[in-house]
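Asker: Okay, here's what each chain looks like letter by letter:
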Amino acid sequence: MTNKMIFAGFGGQGVLLMGFLTALTAMRQGKNVTYLPAYGAEVRGGTANCTVVISDEEIASPVASNPDFVVVMNNPSLVRFANMIAPGGTLLINSSLVHGEIKRDDVTVVPVPLNELAHELGEDRSANVIMVGALAQATGVLTIEALKEALAETGLGKKPKVLELNRRALEVGAKSARQALAKEKSA
Amino acid sequence: MTNKMIFAGFGGQGVLLMGFLTALTAMRQGKNVTYLPAYGAEVRGGTANCTVVISDEEIASPVASNPDFVVVMNNPSLVRFANMIAPGGTLLINSSLVHGEIKRDDVTVVPVPLNELAHELGEDRSANVIMVGALAQATGVLTIEALKEALAETGLGKKPKVLELNRRALEVGAKSARQALAKEKSA
Amino acid sequence: MAKGKITIDREKCKGCELCVSVCPKQCIAISSGLNDKGYYPAEFSQGEEGDCCTACTLCALTCPDIAIEVYRG
Amino acid sequence: MAKGKITIDREKCKGCELCVSVCPKQCIAISSGLNDKGYYPAEFSQGEEGDCCTACTLCALTCPDIAIEVYRG
Amino acid sequence: MGEAAVRAGCRYYFGYPITPQNEVPEYMSGRLLQVGGTFVQAESELASINMVIGAAMAGARVMTSSSSPGVSLMQEGISYLAGLELPAVIANVVRGGPGLGNIAPAQSDYFQATRGGGHGDYRTIVLAPASCQELCDLTVKAFDLADKYRNPVMIMGDGMMGQMMEPVEFPEAIDLADLPAKDWTLTGAKGRPSRVILSLLLNPKVLEDHNFKLVRKYDAVTREETDWEEYMLEDARQVVVAYGTAARIAKGAIKRVREMGLKVGLLRPKTLWPFPDKPLKDLTRVVRQLLVFEMSAGQMVEDVRLAVEGQAQVHLYGRPGGVIPTPDEVAHQISHYYYQAGLMDKDQQSGRLGGAA
Amino acid sequence: MGEAAVRAGCRYYFGYPITPQNEVPEYMSGRLLQVGGTFVQAESELASINMVIGAAMAGARVMTSSSSPGVSLMQEGISYLAGLELPAVIANVVRGGPGLGNIAPAQSDYFQATRGGGHGDYRTIVLAPASCQELCDLTVKAFDLADKYRNPVMIMGDGMMGQMMEPVEFPEAIDLADLPAKDWTLTGAKGRPSRVILSLLLNPKVLEDHNFKLVRKYDAVTREETDWEEYMLEDARQVVVAYGTAARIAKGAIKRVREMGLKVGLLRPKTLWPFPDKPLKDLTRVVRQLLVFEMSAGQMVEDVRLAVEGQAQVHLYGRPGGVIPTPDEVAHQISHYYYQAGLMDKDQQSGRLGGAA
Amino acid sequence: MKKIFEAPKSLKDNLFHYCPGCGHSIIHRLVAEVIDELGIQERTIGVPPAGCAVLAYNYFDVDTGEAPHGRALAVATGLKRVLKDHVVFTYQGDGDIAAIGTAESIHAANRGEKVTAIFVNNGTYGMTGGQMAPTTLPGMGSTTTPGGRDVVRDGAPLDLTQMLATAKGSVFLERVSVATPKDIRKAKKAIKKAFQVQLDGLGFALVEVLSPCPTNWKMDPVAAYEWTDKEMTKIFPVGVIKDITGYDKD
Amino acid sequence: MKKIFEAPKSLKDNLFHYCPGCGHSIIHRLVAEVIDELGIQERTIGVPPAGCAVLAYNYFDVDTGEAPHGRALAVATGLKRVLKDHVVFTYQGDGDIAAIGTAESIHAANRGEKVTAIFVNNGTYGMTGGQMAPTTLPGMGSTTTPGGRDVVRDGAPLDLTQMLATAKGSVFLERVSVATPKDIRKAKKAIKKAFQVQLDGLGFALVEVLSPCPTNWKMDPVAAYEWTDKEMTKIFPVGVIKDITGYDKD
Ligand SMILES: Cc1ncc(C[n+]2csc(CCOP(=O)(O)OP(=O)(O)O)c2C)c(N)n1
Ligand SMILES: Cc1ncc(C[n+]2csc(CCOP(=O)(O)OP(=O)(O)O)c2C)c(N)n1
Ligand code: SF4
Ligand code: SF4
Ligand code: SF4
Ligand code: SF4
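Quick note, the sequences are listed as chains A, B, C, D, E, F, G and H, same order.
Be aware that the first sequence starts at 463, since it is given in the working numbering, and climbs by one per residue.
Be aware that the second sequence starts at 463, since it is given in the working numbering, and climbs by one per residue.
Be aware that the third sequence starts at 2, since it is given in the working numbering, and climbs by one per residue.
Be aware that the fourth sequence starts at 2, since it is given in the working numbering, and climbs by one per residue.
Be aware that the fifth sequence starts at 83, since it is given in the working numbering, and climbs by one per residue.
Be aware that the sixth sequence starts at 83, since it is given in the working numbering, and climbs by one per residue.
Be aware that the seventh sequence starts at 14, since it is given in the working numbering, and climbs by one per residue.
Be aware that the eighth sequence starts at 14, since it is given in the working numbering, and climbs by one per residue.
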């Protein structure tokens, strides 16, 4: 089984960290993983994105031209990446910010109102972690428990208070995705 | 017909100029010529030398491992170059300075007492030009007339007085060589 | 009447708040909505009296993104 | 008796004449014969009185080729 | 790579920032501090490589890293390292060129690395890892080879590898005291005559002898150290030759075409110099078609042609400029040439392949 | 070379001293003054090549010259010249390497010149004169080719050629006004949109297109400009391949062995890149033995092997380090391989050759 | 109402790719305004560096030619020697002009090349992600100086402009800042003078501009501008560093 | 009689390859004498340049490692960083240290590398045959400046040592000469101090030595020494240029 995912948004939204956390967790779960951030001069003022591939076998290419999962944190990213998703794939969007129309009916769309959820949690900057929780739910590859453990290895869990907060954020995200998926199915 | 010659001596003896004058004259006489000075870091304090090849055909290599003519202006050069002369070749030596034994009987030796001759001429520095005159005589390839004309193109004939002096130096050299060769033959 | 006014190009603005910080009359504030590039752009208002701006051009001089044009008259 | 004396290594000397130029007592001169390297080396002489050299070491200090050794006593 | 270097006993890093390899100096600046080593951010790549020369003269395990334009600036220094016979490790995280180009992964510095972009007759040993684990292993090996042969060793990667995160098992850190002593370093002439390390050999004959000595050394390296991976070669009718990132992509492509029944394998050079000529030549006894896939306009393809000496068709799929083709694109090329040459006719159950073109 | 450059319309020279090519900057410093040109002694070769970039952008005919280590320092700049598609002439008077080496004539920068010692996929046109006259003619041609293809052109000589004095006929000085106008130069955006000359192409696809455009250009150069000399090839059973100074020596050697009745000829590449593959390959229809003679440890020999694709034996006589073999030494190598392969048996009057081995 | 402030003509109408609050774009504008005011757009050639300003040709509406990292002043020398009547300027970061390009900068100044250099000192390697620059302040953070720049370990900041003052061919050298509107006005004056020096053929002119890089300083823009004003000027005091133009003081 | 002057131990007994009257060999002797006096022969490593002194390893009886032209101070940095308790010195000509090596020199000084640089200023490129050096005096002849160095055309002499004074890591910089016996004595003192600075770990130290090159100046040696004393010192005045060692004045 190979899962390819792209995370995309503005530079400031913690997009690379999302991918890093995801990759790290998968690695700790014993998977083959590649994590590929796109960066460079073009980033200034543009969008940031990264690609994570998780597989049980050796990974041929860390690039995903047809990702199975796409996480979209802002409008420009929707335009750029929505069409690349593999048929049957899943699109997770930050529904607080992203309002564009999604013209594909062969993908599952999981809207997560990140900004609202983060605000409720009491920390606006936890939006990206919430989204990772949602992604874990949607993919089924990562367990929330493993994610929680991996948090400590990133900047997201150095201090106990922050760690606790982000653990909750993961759960909030997972729950939100569960609800959205249930809705999608019933629709 | 191809004539290969090496000129060797101390840095300050005008060795390169001798070769240059010879090459230039041959060129003006319509010959194929190569002129190859040896220089570089090693020159500081060592000996200076240059190689001239004069030919009616295209010249394969400007290097002379077995020169037909060797002009030796000091003792170290005698040691270094005397053995390289092709059998039947000619060795011209500045007999004012060079006193080493010449152990070969298959070459013609032409001693020219340069320092004395130059002194007689009234200009110590004309020793090298005298030697070129001697060489012209020995080779038979260059005419003294052509040499005289070429003088003006080098630093040796810019001023009329110097030019005149060097013209005489050429003749002095030619004469000296003529005498030496006559002696050698009769010996 | 107002001595001056400025326009802020919403899409050029990157929300750096420098204009806000230099405006001596506090006529500029950051808006609460994002622009297309994902920034919260600055907004101009003439204030309660309607004549906040003196056309001092300090904001425009400072704006790195040339998002501000200033009018006087 | 002479206060000092120098020796000049004929084969090390390159005949630059610097020692000649700095010797305050003019005890050094260039010789008329070439050495093996083709230079006219400097030569030391104690002069007519036989006590020219004061062992001031100026010549040795100056000699680029360390051809000069100085003795005192 | 940084961590692997430290475990291999590297305590000195000299470098200058350039994308896409800034992670290396950034990591080393902190890590070397911890292990009592030295990190110097030089004023340029020129300075870096010359600091490397100095540290290598002093006997240290030392490295630098850069990317294409920066490595071009090091060419004089690399020629000196080779001429002076100094061990050092240089990592080139290749980006798109020529000129400023871009920062995308590329393989277009192959000639520079394998032919010597500097002046004179010399060779650098060039290692080409294809995964993070291998990057780590080959980094350790690079230091060993450098010391063993007193020669610069280059690690050729690309931005992809630099940016990738894969699970890696680090080797045990070596004890510096266990390394064989070097008897040629400059450490002060205490109790021995003074030494000199130089490449200035004014006498052509002496320099020629030095060059021939180097040639003998390079011959030994070629004999002993040539390294490559074989993948699905047993029954292959077509063999893809690719290294580094391109080889990974090629593997993915081969998996795909194998599913379609095409008998295709991969030969992946792990040392670009010395190049695995012999295994390639041997292959041509049974394989008549080679497809060279490289992320450049075609450089390694020359080595493949040199290896096979006309005994097999050599096709090139070259993608320069930092473009990373997908496994599907490569699979398309594979099958294109496969069918073109009628190789599937030779396959027994050609029926299975119907319509797959 | 200096005079030829001036006659070819070169008015700008930027360089840094290095033996054995100091005659060029020294000549240019005076000569350019006379013709109203500009000579700048730069602070380094790095600065020189970048000044060349600037002058080329401005549309001038411009050159620099150096020798091996200095040319290594120019590799980044040359890669930029190629990437920016700027015309410029670079003369490399090759000396013995690697490292500081020596100042004797050598041919060991062949790889650097023909494969591109800089980063990225690019080619420089490389001309290899073998006499002073040809040096002069090819210098003029270098400027024309550079302009025609908007590409750097390298003239590869060696100290021998630099130091030699042979009779030369200079070409007519061209009138700068007669040169075709350049429509891409930076001369101020007067009456036209502003222009930019760049090699930064962040989008890999765009950079790839640029690279493919360059490849097409290089293909055109290969088709149009490949140049070589044939010498005594008609009946040759063995062909020596050599360029520059080595070719002269080889000619002398061939004359000698011809006197002994050996049927040997010479193929002398005048362009090292593009390399005369095709004539070599064509030769292999009748000639089975090639002897590559170069003053290096063996670099051009790769191009010869690539050209003949296994269709002929390729032997190498390589003399690195600045050693200049005599025609006799080369003749010895020629006859060695000639007899070894039993070629003289195939000669009709083998009797004539008795005892010549 | 009359428009009294708008974008200069010599800038193209492209959005800057710089980060929010980056000083580069202010400096771009100032240079463009000066080009407009001097009426030299049609004969000006710009040489952008490798650095955050590598895309400067997207903004300046004049002919531009790319230089390898650090070599802008050598490229400019080549351009100006051919185009004697044109105006050539370089636009370079601190890493570009004062680290890898040290030799080219110093020798261009020493030869008295008649070009204008705009030296953007933001104390960091912006483009490559915040490594130590020659001008990074003591104690200031960077990705290659764990714990901040340690003068003993990493060396002290280099004052290139001061060094250039000892070069005989430099005619006008001034350090300015864009930290406050007042500074920005002064910066423009200095830049204008540096172009005037070239127009008058006097020799080498350079303006060093202290410029905030909020991203790599990890500050919000307003704080970065304040820090520029308060802290950077302690080590790099603004003011004329050399002026032998003989122009009237203004 | 007692021998009161002989060759230092740290010199090998080889004849110098330098031209008659060349200043290089005097400076070699002084450096060797200092090494002897400090007793550091066994832990000193020298870095000779490309230049007339390229063969310096034939003379200095200490470990030596060759540097590419201009890069001696980068090579020395690498050596010294590894061999912290050793003494590392470079020996460089003006072309080496002040032209092609400008950046390496300035940044080594700025980092405060604990090495000693001997900078031989002979106003010419000796080894390559007398081309203009960065330090060639105005009007002085060279093979690349027809009619002599023209300050407007060729730029003015560069005073590297003065520039280095602005670098924070330089601790001791002095310019001396070998034109007269008195100068030679002073030169030795300065060189000794520059080594002492390294032994005390204070930072970067450099001694610039004005040194005659009779060959390329086309003067006889005696005239060349006089010219050094009279003319060179006008542009390059001898004396301490920077001294923050805190040593007692002596
Ligand atoms: C030869 C070479 N080395 C390194 C680089 C990578 N590089 C690009 S810009 C830069 C430095 C940027 O810093 P600075 O000059 O201060 O400009 P800023 O980005 O801060 O404006 C570096 C190291 C390069 N392009 N070329
Ligand atoms: C990269 C490179 N460029 C040029 C040279 C040639 N070169 C050798 S020494 C030298 C300059 C010598 O002058 P200087 O440094 O002043 O020392 P001097 O010979 O006068 O003592 C030059 C240009 C070289 N060896 N390497
Ligand atoms: S200064 Fe400009 S970019 Fe910054 S907030 Fe104000 S208008 Fe926006
Ligand atoms: S100073 Fe030395 S080398 Fe010069 S002449 Fe005197 S002894 Fe000879
Ligand atoms: S990184 Fe810094 S210098 Fe670069 S654009 Fe961003 S703020 Fe400006
Ligand atoms: S050329 Fe000058 S510096 Fe070189 S050895 Fe001769 S006198 Fe000394």
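Hints in this document: simulated from the structure, not taken from any laboratory.
A couple of the hints might just be wrong.
Short derived list, chain E residues pointing at chain H, Cβ under 7 Å [what the hints assert, rightly or not]:
id, residue
1, L115
2, V117
3, T120
4, N132
5, I135
6, G136
7, L268
8, G270
9, A271
10, V278
11, L282
12, V288
13, T308
14, D309
Think of the CB as a built atom: it goes at the ideal place given N, C-alpha and C, for glycine as much as any other residue.
Asker: Please go over all the hints and tell whether each is borne out by the structure.
Answerer: Structure-based check of each hint:
1. This hint is violated: E:L115 has a C-beta 13 Å from the nearest C-beta of chain H, more than the 7 Å allowed.
2. With its C-beta approaching chain H no nearer than about 14 Å, E:V117 sits outside the 7 Å limit, and its interface hint is violated.
3. The beta carbon of E:T120 is positioned within 7 Å of a beta carbon in chain H (closest approach about 5 Å), and the interface hint is therefore held.
4. The closest approach between the C-beta of E:N132 and any C-beta of chain H is roughly 4 Å, which is under the 7 Å cut-off, so the hint is satisfied.
5. For the restraint placing E:I135 at the interface with chain H, the shortest Cβ-Cβ distance is roughly 5 Å, inside the 7 Å limit, so the hint holds.
6. Taking 7 Å as the C-beta cut-off, the interface hint given for E:G136 holds, the closest approach to chain H being about 2 Å.
7. A cut of 7 Å between beta carbons decides the hint on E:L268: the least distance to chain H is about 4 Å, and the hint holds.
8. Annotation: E:G270 was flagged as interfacial toward chain H, and the flag holds, the nearest CB pair being 4 Å apart, inside 7 Å.
9. At about 5 Å, the closest approach between the beta carbon of E:A271 and any beta carbon in chain H falls short of 7 Å, and the interface hint on this residue holds.
10. Hint status for E:V278: holds, given a least beta-carbon distance of 4 Å to chain H, under 7 Å.
11. Restraint check, E:L282 versus chain H: the minimum CB separation of about 6 Å is within 7 Å; hint holds.
12. Of the supplied interface hints, the one on E:V288 is violated, with its beta-carbon coming no nearer than about 14 Å to a beta-carbon of chain H, more than 7 Å.
13. Interface hint status for E:T308: violated, as the beta-carbon distance to the closest one in chain H is roughly 31 Å, over 7 Å.
14. Contact between E:D309 and chain H, as hinted, is not supported at the beta carbon level, the nearest pair being about 30 Å apart and thus beyond 7 Å.
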